[in-house]
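2 protein chains.
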Amino acid sequence: MENRVINAAILGAGTVGGGVYKLAQAMEEDIFHKTGARLVIKKMLVRNVNKERKGIPSEILTDDWNSIINDPEIDIIVELMGGITPAKKYVIEALNAGKQVVTANKDLLAEYGEEVMSAAEKSGNDLQFEAAVAGAIPIIRPLKQSMAGNHITEVMGIVNGTTNYILTKMTEKGMDYADALAEATELGYAEADPTADVEGYDAGRKIAIMASIAFNSRVTFSQVYTEGITKISADDIRYAKEFGYVIKLLGVARNVDGQIEVKVHPMLIDENHPLATVKDAFNAVFVHGDAMDDAMFMGRGAGEMPTASAVMGDIIDVMRDIVCDCCGRIGCSCYKKLYVKKIEETKSKFFLRIKAKDKTGVLANIASVLGNNDVSIAQVVQKRRNSGVAELVIITDEVEEKNFNDAMAIFEGMSVISEIAGVIRVH
Amino acid sequence: MENRVINAAILGAGTVGGGVYKLAQAMEEDIFHKTGARLVIKKMLVRNVNKERKGIPSEILTDDWNSIINDPEIDIIVELMGGITPAKKYVIEALNAGKQVVTANKDLLAEYGEEVMSAAEKSGNDLQFEAAVAGAIPIIRPLKQSMAGNHITEVMGIVNGTTNYILTKMTEKGMDYADALAEATELGYAEADPTADVEGYDAGRKIAIMASIAFNSRVTFSQVYTEGITKISADDIRYAKEFGYVIKLLGVARNVDGQIEVKVHPMLIDENHPLATVKDAFNAVFVHGDAMDDAMFMGRGAGEMPTASAVMGDIIDVMRDIVCDCCGRIGCSCYKKLYVKKIEETKSKFFLRIKAKDKTGVLANIASVLGNNDVSIAQVVQKRRNSGVAELVIITDEVEEKNFNDAMAIFEGMSVISEIAGVIRVH
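Line order of the protein sequences matches chains F and B.
Just so we're on the same page, the numbering used here is the position in the first sequence counted from 1, plus 2.
Just so we're on the same page, the numbering used here is the position in the second sequence counted from 1, plus 2.
Source of the hints: derived by calculation from the structure; they are not laboratory data.
Identical copies look the same in the list; a pair holds intra-copy or inter-copy alike.
Here are the simulated lysine to aspartate or glutamate pairs, EDC-like style, with alpha carbons at most 20 Å apart: (1) K339 <-> E30; (2) K124 <-> D327; (3) K359 <-> E421; (4) K24 <-> D295.
Model the full structure from these sequences, guided by the hints.
In structure tokens form, the structure reads like this:
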């Protein structure tokens, strides 16, 4: 046992791959004590072996996947390439070749989770992916293990740091969306093409993965309703604040009477809700279980070392499984087949900001359209703006999304309404 | 496999024991799908078998430990009696008899952790105890597994619901300690004898357990400095608020250059710190690791079903180990022997509230005593009270506790100082 060595290969030597390599060195003795084996990063798969990579010895770099998959000494494949191609092929080949896999690839799991999990199941190998959701925050393992004695009914999270940074700046500094995005881009919080973040796709992949585990039923990214933050204005944030709310981009998954609702959209949450205090690039996941009640997990959702930390936690766990000869100990947990609702089939409360002609009877008009469509008003504020424009801000009770949409369609055709300036769901 | 049954015995049929029995029924099918085996609660050890226990069939009740320990069909012992005697004896006998153990017993682990962990280690069995710290909040497993790829440098937590409830009421309603305690007692948040809670002993046991795991070095309860909340006044809370702080009872454990600091005391924390927002009977644990940066875990720290949920998570994990034949997979993680500092050897910032005679030169006097003892002042506010009394509120920079105590000893003997009304550490 003293000299047992477990070899791993890392696919990708980017930010996170470099971080994992560094941690493997820095934690060498601790890993040995925790697992009873020594971790050696034997190879790192890169596109260009000639590019110098700080802190990584060039002799472990290779551009040849076959030299990794065919190396019987390599027990663990750590996939940090991201994307579907060739990551999916490599992960499945690795599992089929009897190797254990650790991945941080949310795209792969949210889109092809069933395929890769079933490859792990069939081969009896580990497929661990803590880093795929919410970076350094332990959430996959708590959902699969610590909270396994619950029926989980809700998972709700701020799982995209870019949009949380933008919304925080809009809230704290009264900035417009465009200015806040520009600042986020400049500081490196937003990518050159921010689409996946600001449209909610990134968060959508993460909530699909969490929903699958929480409800023990497969949810794929294509089943997630996504709506981004590009239409949120400083006005929306200001009015929300008047009502005691903060606006966050939330991934929300619920098990409502055995049917799954899963979506990403901006949402007003009470300023006293634990998620409301999660600022800047931090992530947080809120979970409700029938026995445990509420819990929240907060931490760094991205970044070199935080993400590497989550990957290393998985590697250590896999090493323990190898040493105890119990790989595949916790496999796919999707043993149910629950229906995933379409957004029109769900219910929400809405925050609605309308600009209308400032004349007698407008509020009555609007209220009666809402009433006719079973949309009940919980709170309303009317303000006179310049040049004959009244601004109405309404918060509804919980309504069928279908009914709400019907009312909006009628508003679109009403000449007294000049603009439906904001429509945001309310927690 | 279809018909594999794993039998467990629960020691204790109190609140949590009853909750675990209920969950075992409610989660029956899920447990089977998650583990591949059926969980049967075969026996429950009670003092009085004739007492009726709602929802628990009387035929599984027994007052005979021998009928449990000698039953070869029982694989898992779930110890929920609390206290040292006879829990310690039973846990060690169970491990020696080849049974797996789940316990929620913080006293046992904080005082005899080494003994019980080594019994688990020698017998190669599981000893799991997620419920012993912070109720439903997953913290033991994250520390041992998810965050294993970090050197953890700080664990800081609100891990006692009773005191957090009292401090919350004192903060929100301006109540005195005695009134808030009375309310907590009335509502069932405080026990008839609240000593263990309000003096910080309960929190001290929990921080000892977390420190041991986080720093991989055994910390026992006797090494934890504890100071309770009984001396906190509504005035302290009000002044703290003026400086932008909230007062919480915190368990704090730090690894400072390879030496451990571990203590429980009231503390001023910035009102924007995530722990400041944790209210009422909620618990939360804040962790800092060198790779992961900051993370926080919040949830229910006590109560029938939240605690039962944590116990059930452990039972399910043990069942997986039994099915995969890998019990003892994660054993004691104390592979270091770090020095645990005495409180006098640590550094803190202090909030200091002094009542003094309202005459010229008093502030200069006080400031020079502090200065002579290397206590540097960060902030100070002086207020004139009625009848010639001035109240001074000082926040110091970080100082050696020894030096601070020396300054306090001098203040005690100064005739211009009428009262050292408040001394509270500052984060």
